[in-house]
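Peer 1: Listed in order, the protein sequences are those of chains A and B.
Residue numbering for the first sequence follows the numbering used here, starting at 3 and increasing by one per position.
Residue numbering for the second sequence follows the numbering used here, starting at 7 and increasing by one per position.
FYI, nobody ran anything at the bench for these hints, they're computed from the structure.
Certain hints may be false.
Claimed, not checked - Cβ pair distances, simulated, as ranges:
| no. | chain 1 | residue 1 | chain 2 | residue 2 | range |
| --- | --- | --- | --- | --- | --- |
| 1 | A | E12 | B | R115 | 31 to 39 Å |
| 2 | B | V9 | A | S46 | 44 to 52 Å |
| 3 | B | S33 | A | I79 | 44 to 52 Å |
Ideal Cβ placement from N, Cα and C applies to all residues, glycine included.
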Amino acid sequence: MSNFAGYLKELRDEKRIGVRELGRAVGVTGMHISNMEKGKSLPSPALIVKLAEALDTDVDEMSHRADHIAPEVVGVIQNQPKSVPSFLRSAKDLTAEQWAVLQQQVDSMTGGKDADDS
Amino acid sequence: MIVDWPQLSDEQIESKAASFRDQALASLGFDPSGPVPVEQIAEMYLGYDFDFVEANGRLGSDIIGGIDFDSNTIIINSAIEDHIGRYSFTIAHEIGHHVLHRELFLKARSGRSIMCRGGSKRPIEEMQADRFAEALLVPRSIVVNSCKKVKGLRGYSKRWRMAAAADACESTGLNNVSVSAMEMRLMHLGLLPSLNSKANRFLKAARRLLSK
Chain A
3 MSNFAGYLKE LRDEKRIGVR ELGRAVGVTG MHISNMEKGK SLPSPALIVK
53 LAEALDTDVD EMSHRADHIA PEVVGVIQNQ PKSVPSFLRS AKDLTAEQWA
103 VLQQQVDSMT GGKDADDS
Chain B
7 MIVDWPQLSD EQIESKAASF RDQALASLGF DPSGPVPVEQ IAEMYLGYDF
57 DFVEANGRLG SDIIGGIDFD SNTIIINSAI EDHIGRYSFT IAHEIGHHVL
107 HRELFLKARS GRSIMCRGGS KRPIEEMQAD RFAEALLVPR SIVVNSCKKV
157 KGLRGYSKRW RMAAAADACE STGLNNVSVS AMEMRLMHLG LLPSLNSKAN
207 RFLKAARRLL SK
């Protein structure tokens with residue numbers, strides 16, 4: 003079972019949502035939800051966004067579990083095709099603490115606005 | 007495999023379904039006055055997994071559901087998923103097998119087997135699971151409190167019966183129950199006359215005579 007499969011089932015159980023009910027909430031069949039929970043299929047990036055919303059969870063975490071990059075993040079990379087990859091290469095060895103400091107600096111530059119607000 | 011299924015009266019099945027539902031809803035924290043969440047009961051209370059299969063696959067084309075006690079799986083014909091009433095009734099029916107038949111089945115079986123819902127023949131254990139499903143999905147107290155008894159000859163008219171059942175689905179808020187399952191429930195609770203009654207047989211005979 004993939005990382006995503008167990009994660010989806012765990013979240014659904016936690017929220018006490020039925021398999022068909024979740025399917026209806028995100029516009030797919032219960033069969034599709036069931037197959038994802040068994041690791042037989044993976045969600046599309048667009049479906050991950052809907053699932054995260056229906057299950058009230060973090061879309062980035064869910065994308066990560068499904069080995070996806072959220073569509074909005076892909077958009078950021080595509081809008082800055084040189085500087086974002088270059089920045090990420092430079093920052094690849096930063097520690098979690100350093101990332102937190104960096105995030106604070108970015109927040110102070112943008113006034114706390116993230117991609118969702120733009 | 008031959009199993010000596012127990013003879014259970016309607017009242018016994020009714021009582022088992024009601025106490026099972028009360029325990030399950032209390033354990034899961036669901037409102038007992040709303041639609042009975044059979045998906046959650048099967049998965050989160052009893053620990054079954056769902057396996058959706060295409061018609062003609064693991065199940066025969068006329069089979070709409072099944073239960074596999076070995077793998078703790080409820081198998082559902084994916085074709086019924088769009089019909090909430092049939093879907094819920096099928097799960098409730100399989101829960102009925104779990105509550106009424108699982109122990110006997112496991113003692114008696116001589117190999118891996120699956121109990122299936124569907125087909126044209128209705129053996130006793132299937133009829134018991136149907137009766138359980140109906141009682142699980144449509145709590146007696148909810149229906150009796152919100153529906154009136156249909157009296158007189160109109161109670162035998164298919165149109166009136168279906169209208170009464172549709173009204174009952176609406177007034178009880180039990181939105182995961184099909185109109186035909188509700189009709190059956192109303193009849194079993196005495197709110198619609200039985201189609202096997204003398205009066206109905208008389209009406210049928212009279213119609214036949216008049217049509218000649």
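Peer 1: Would you mind marking each hint as holding or not holding in the structure?
Peer 2: Hint check:
The hint said 31 to 39 Å for the Cβ distance between A/E12 and B/R115, and at roughly 33 Å that hint holds. Judged by the Cβ atoms, the range 44 to 52 Å given for B/V9 and A/S46 holds: they are separated by roughly 46 Å. A C-beta distance of roughly 47 Å is found between B/S33 and A/I79, which places it inside the suggested range of 44 to 52 Å.
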